[in-house]
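Just so you know, the protein sequences line up as chains A and B, in that order.
With our numbering, letter number 9 in the first sequence gets 1003, and the count goes up by one each step, no holes.
With our numbering, letter number 164 in the second sequence gets 167, and the count goes up by one each step, no holes.
Derived by calculation from the structure, the hints in this document are not laboratory data.
Just to be clear, a hint being listed does not mean it is correct.
Unchecked claim - Derived coverage of chain B by chain A (criterion: at least 3 residues anywhere in the stretch with Cβ under 8 Å from a Cβ of chain A; other residues may be distant):
{"hint": "1", "stretch": "99-105"}
{"hint": "2", "stretch": "120-127"}
What the hints assert, rightly or not - Here are a few chain A residues that face chain B, going by a calculated C-beta distance under 7 Å:
{"hint": "3", "residue": "T998"}
{"hint": "4", "residue": "D1068"}
{"hint": "5", "residue": "S1179"}
{"hint": "6", "residue": "T1183"}
{"hint": "7", "residue": "R1184"}
Where a beta carbon is used, it is the ideal one built from N, C-alpha and C, also for glycine.
Listed here are the chains, written in short residue letters.
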Amino acid sequence: MKITRKDFLRLSGLSVLAAGAVRTFEAAKAAGQSAIRPLRGSGGAPRKQLAMAIDLRKCRQRPGCDLCMKACRDAHNVPVIADPRHEVKWIWNAPFAEVFPLEQSAYTERNYTGSPLPVLCNHCDEPACVRVCPTGATWKRSEDGIVMMDWHRCIGCKYCMVACPYEARSFNFVDPRPYIEHINSDFPTRSMGVVEKCNFCAERLAAGKQPACVEACPANAIAFGDSSDPNSPVCLALSASFSLRRKPELGTGPNVHSIV
Amino acid sequence: MRDRVWIYSGLAVFVAVLTCPFWYALARAHAASRPPQLVLPANQTQCVAPVSFMRASHMQMLLDWREDVVRRDDHRFVAYDGKIYQKSLTRTCLGCHSKQQFCDRCHAYTGVSGPYCWDCHNDPRHLAAGVTPEAQSMRAGGFDRTQSMLSHFPKLTTSSPTSRQPEQTAAGRTP
Ligand code: SF4
Ligand code: SF4
């Protein structure tokens, strides 16, 4: 068959258009899939994600209580540095207006002034800190969703501190050792120049124990467990009461809940 | 050929001067060749791997353990003889060995001051022996930040990571 120059040009144009259309269609299909992606995990059983629910109603019964924070400091060699610029925090008390700024009212102010309101790293579903870390020193553990840190790998660039919307990370501006009253030899201290934060007691979980704060609370105010298991303590606590999460509108998917 | 004796003796002196650093080093090495006096654990006869392997590759093994524990949550080490150990510097290694009489002595002898394990990891024996001087002064009231900052300068210059611990500074360089 003889093909004219005009036919040839027409055919080439049509094939380019067709190829383009196929690619566009494939891209649109992929985008559609990711838009309806389930919250976590991909099909089958939902992915395990450890979570915590802190019952502030119980905390309010014990003004000035800081047993969970003390237990954490002792377990993880967290230094007590008075200078707020150098302070190191794993689990700490914050004012209600700072934790839930949009929920603040005259009543919350009255109810929460002077009563403990523990906050900690939220081990987010989509941790901003992990996205920015240039060294892989912090990552989300796929087995249980803990946002882990490898202090050997942290170069102290503090990107993660800027990225975390909850101020859950602290930088060691000074050697922390002199500020630790009793060093627990079983857990490392940190050195000057690295960032640290709550690790959901990964080392205690590995030994089959509960997190130190959970164990220390005399009021059993902290429920801990797998949020994908409806019978876990955390799910039972959350399904029985109303709870808040910090800044969920940011899309980080925090996994620490406060029962108010 | 009258100057032969001068020429040869001059050459001999020249060669001697040229090679004297080598002779000096040899003599020194001979004098210092006493191996470090390592104190071996009294309660054990066998390490987690044969001595030859540990001597050559303990650093690689520690790095592997570190990756396994921190990154893979894998704490179980099966030794070559089938024994199970916990992958832990503090519990397993220091459970038998003394940091000061084993690790430090060999590292000082070989001049290996690189690894900064002890910036963060703790020596339980050392902690049991007493609190750090800084902690004491802090508890006595009035911990001086300037002092604490100053105590870091030797660390920066000599890269001796444990300069804050008196015994170790006395023992010279520490791993
Ligand atoms: S709370 Fe902050 S540090 Fe913790 S996982 Fe979320 S973004 Fe990261
Ligand atoms: S400070 Fe450390 S953990 Fe944070 S982003 Fe930098 S390297 Fe990563």
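Here's how the hints hold up against the structure:
Using a Cβ-Cβ cut-off of 8 Å, 0 residues of the stretch 99-105 of chain B lie near chain A, which falls short of the minimum of three, so the contact claim is violated. Only residues whose C-beta sits within less than 8 Å of a C-beta in chain A count toward coverage, and the stretch 120-127 of chain B has 6 of them, enough to reach three; the restraint holds. At about 65 Å, the closest approach between the beta carbon of T998/A and any beta carbon in chain B exceeds 7 Å, and the interface hint on this residue is violated. A hinted interface residue such as D1068/A counts as satisfied when its beta carbon comes closer than 7 Å to some beta carbon of chain B; here the least separation is about 14 Å, so the hint is violated.
For the restraint placing S1179/A at the interface with chain B, the shortest Cβ-Cβ distance is roughly 4 Å, inside the 7 Å limit, so the hint holds. Evaluation of the T1183/A hint against chain B yields a held restraint, the C-beta minimum of about 5 Å falling below 7 Å. Contact between R1184/A and chain B, as hinted, is supported at the beta carbon level, the nearest pair being about 6 Å apart and thus within 7 Å.
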